[in-house]
Amino acid sequence: MESLSAEDLKLFVESVRQYFRVVTRQEPQITSAYLATGELQGHDYNGIVSFSGAFNGHVIVSMPGQLLKELLLLQGETDLSQGNLLDAVGEIANTLAGNARKTLGPALQISVPVRLHGSAGIQARVRKHPYAITLRWNHQPAVVCIDIERR
Amino acid sequence: MRLLIVDDSNMIRSRISRVVQSGGLSNVSLVGLARNGAEALRVARATQPDVVTMDLTMPEMDGIECIKEMLRMLPRTNILVLSALSDKSTAIQALRLGARGFVAKPFSDDELKIALLDVAEGK
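If you read the protein sequences in the order shown, they are chains S and P.
If you're matching positions, the first sequence starts at 1 in full-length UniProt numbering and goes up one per residue.
If you're matching positions, the second sequence starts at 1 in full-length UniProt numbering and goes up one per residue.
Keep in mind that a hint or two might mislead.
[As the list claims (entries may be wrong)] If you anchor each label on the Cβ, the simulated ranges turn out as follows: (1) P/R42 - S/R151: 47 to 57 Å; (2) S/G38 - P/L117: 49 to 59 Å; (3) P/L95 - S/G118: 36 to 46 Å.
By construction, these hints were calculated from the structure, which means they are not laboratory data.
Virtual Cβ for every residue (Gly too), placed ideally from N, Cα, C.
Hey, can you work out the whole structure from these sequences and the hints?
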């Protein structure tokens with residue numbers, strides 16, 4: 001197994017920026033991007049997409065409900081139920097994972113997203129040293145965890 | 001033009017519906033929504049859409065399989081792929097199967113409107 005390089009991982013930072021830029025016209029503030037050696041602090045809503053094919057691992061997007069509500073309202077959505085917030089975080093994870101094919105190639109296969117409610121979700125799934133991107137958008141925090149290796 | 005929206009995300013289905021129904025695409029009417037390829041085929045059989053927006057990564061039947069089956073059943077359907085799989089080879093594969101257009105997620109409302117109009121007008 002070979003871990004991704006820092007260069008490979010920069011694409012995820014750019015994907016996060018791009019997502020908010022296109023959907024909200026407001027860039028997030030990337031507050032850190034690092035190799036996590038301790039416990040990651042997750043939020044209540046988690047979207048998880050697994051990689052297979054030439055890669056192994058997953059992407060986890062973890063966001064508080066308030067951030068997801070604001071994202072949905074900006075898109076004209078008025079149903080802010082828990083089910084819709086989980087759907088939204090899953091779709092964001094799907095988008096960030098799918099966009100990685102642009103750089104990592106078609107050998108990267110992605111699963112449909114799994115959605116989990118509860119901040120323990122992120123801790124239950126990461127390996128020892130995942131890559132973490134923390135951000136703030138419109139005063140709301142979020143974390144994207146990239147845990148991926150080449151086979 | 002009769003539109004069917006196929007995507008496993010409620011957020012995306014609702015967003016496309018709103019863009020279409022907000023008045024920006026007056027000649028397009030929404031005839032159905034589907035959460036996966038299998039459901040899309042059932043809805044398409046009943047509603048005979050002219051235009052279909054198609055996600056690729058979906059449970060039960062993915063978009064690639066659904067494009068093949070849908071064009072076998074309704075060969076004149078104009079399919080616009082809306083997918084997070086934004087690499088060139090995925091787009092080429094979808095177009096080779098008969099899709100008429102490809103838009104990478106995330107997309108803006110304007111990008112979606114332009115792509116839908118292009119596909120609906122057969123450009």
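Hints versus structure:
1. A beta carbon spacing of about 37 Å between P/R42 and S/R151 contradicts the range 47 to 57 Å that was offered as a hint.
2. Checking the proposed 49 to 59 Å range against S/G38 and P/L117 shows it holds: the Cβ atoms sit about 51 Å from each other.
3. With their beta carbons about 41 Å apart, P/L95 and S/G118 fall inside the hinted range of 36 to 46 Å.
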